[in-house]
Amino acid sequence: AQRVTQPEKLLSVFKGAPVELKCNYSYSGSPELFWYVQYSRQRLQLLLRHISRESIKGFTADLNKGETSFHLKKPFAQEEDSAMYYCALSAPPGSARQLTFGSGTQLTVLP
Amino acid sequence: GAVVSQHPSWVICKSGTSVKIECRSLDFQATTMFWYRQFPKQSLMLMATSNEGSKATYEQGVEKDKFLINHASLTLSTLTVTSAHPEDSSFYICSAHRGRADTEAFFGQGTRLTVV
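Here the protein sequences line up with chains A and B, keeping their order. Numbering of the first sequence is given in this note's numbering, commencing with residue 1 and proceeding in unit increments. Numbering of the second sequence is given in this note's numbering, commencing with residue 1 and proceeding in unit increments.
Excised from the complex, chain A in its bound form (with noise of 0.2 Å):
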């Protein structure tokens, strides 16, 4: 089975300080891997996605099969990007399948 784990609940950063929010993965395959965003009082959204490879509002992510990791970084973290992070990851990869989600990071960037 999938497993999908974000050691972080909280994380505090300053307004232009260096964010890396961290996500390992557990899966036997090759899956596909996601990190998903909800800002306060609004829905889940697509952030990124690693086949992508696109930076997003400056974020970037990138999959390492080695370490079983899919961390998100922003080298300037801006105010507005406050929010839940989620990491999740999608077998088998390439359908519409369920997500599996880590427990979520909340990130917190003080002025």
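It should be emphasised that the hints constitute simulated quantities derived from the structure, not laboratory data. Everything numeric in this text was worked out from a predicted model, so none of it was measured. Please note that a few of the clues may not be correct.
Unchecked claim - Partial list, derived from the structure: chain B residues whose beta carbon lies under 7 Å from chain A:
#, residue
1, Phe34
2, Gln38
3, Pro40
4, Ser43
5, Leu44
6, Leu46
7, Thr103
8, Phe107
What the hints assert, rightly or not - With a Cα cut of at most 27 Å, we get these calculated BS3-like pairs of lysine-lysine:
#, chain 1, residue 1, chain 2, residue 2
9, A, Lys57, A, Lys73
10, A, Lys9, B, Lys41
11, B, Lys66, B, Lys14
12, B, Lys66, B, Lys20
13, B, Lys41, A, Lys57
14, A, Lys65, A, Lys22
15, A, Lys22, B, Lys41
16, B, Lys41, B, Lys14
17, B, Lys14, A, Lys15
18, B, Lys66, B, Lys55
19, B, Lys41, A, Lys73
What the hints assert, rightly or not - Some residues of chain B that are not near chain A, with every Cβ distance over 10 Å (derived):
#, residue
20, Val19
21, Thr82
22, His85
23, Val115
24, Val116
The beta carbon of each residue, even a glycine, is placed where N, CA and C say it ideally should be.
Given the structure of chain A, go ahead and fit chain B onto it with the hints provided.
Showing chain B alone in chain A's frame:
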């Protein structure tokens, strides 16, 4: 974009009654929708996969007789919590994909259920 709408956004009901939650895909058809449950300060836990025109697939530990799922059309799935009890109080969220190969999930805004 793709919009998924849930109704109601919140509901309070008495113990023993049943509550129906609707999940609609507003601008696309969804043969599959997913229902999640989220406890306070916890992650989303998949409850069941709703399949249009066929029976839902429930995750282990989810009582199918308590959480009735109906996916009668390509744009509507409903979750009925039967004989609700206070321990059923939770945040219920649905999601849908635009197509079988589209791996991006679009989420409803969620329904806060409080059973008193």
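A quick look at each hint next to the structure:
{"no.": "1", "hint": "Phe34", "verdict": "holds (5 Å)"}
{"no.": "2", "hint": "Gln38", "verdict": "violated (9 Å)"}
{"no.": "3", "hint": "Pro40", "verdict": "violated (12 Å)"}
{"no.": "4", "hint": "Ser43", "verdict": "holds (4 Å)"}
{"no.": "5", "hint": "Leu44", "verdict": "holds (5 Å)"}
{"no.": "6", "hint": "Leu46", "verdict": "holds (5 Å)"}
{"no.": "7", "hint": "Thr103", "verdict": "holds (6 Å)"}
{"no.": "8", "hint": "Phe107", "verdict": "holds (4 Å)"}
{"no.": "9", "hint": "Lys57/A - Lys73/A", "verdict": "holds (11 Å)"}
{"no.": "10", "hint": "Lys9/A - Lys41/B", "verdict": "holds (9 Å)"}
{"no.": "11", "hint": "Lys66/B - Lys14/B", "verdict": "holds (15 Å)"}
{"no.": "12", "hint": "Lys66/B - Lys20/B", "verdict": "holds (12 Å)"}
{"no.": "13", "hint": "Lys41/B - Lys57/A", "verdict": "holds (25 Å)"}
{"no.": "14", "hint": "Lys65/A - Lys22/A", "verdict": "holds (14 Å)"}
{"no.": "15", "hint": "Lys22/A - Lys41/B", "verdict": "holds (18 Å)"}
{"no.": "16", "hint": "Lys41/B - Lys14/B", "verdict": "holds (24 Å)"}
{"no.": "17", "hint": "Lys14/B - Lys15/A", "verdict": "violated (46 Å)"}
{"no.": "18", "hint": "Lys66/B - Lys55/B", "verdict": "holds (14 Å)"}
{"no.": "19", "hint": "Lys41/B - Lys73/A", "verdict": "holds (23 Å)"}
{"no.": "20", "hint": "Val19", "verdict": "holds (20 Å)"}
{"no.": "21", "hint": "Thr82", "verdict": "holds (23 Å)"}
{"no.": "22", "hint": "His85", "verdict": "holds (25 Å)"}
{"no.": "23", "hint": "Val115", "verdict": "holds (23 Å)"}
{"no.": "24", "hint": "Val116", "verdict": "holds (24 Å)"}
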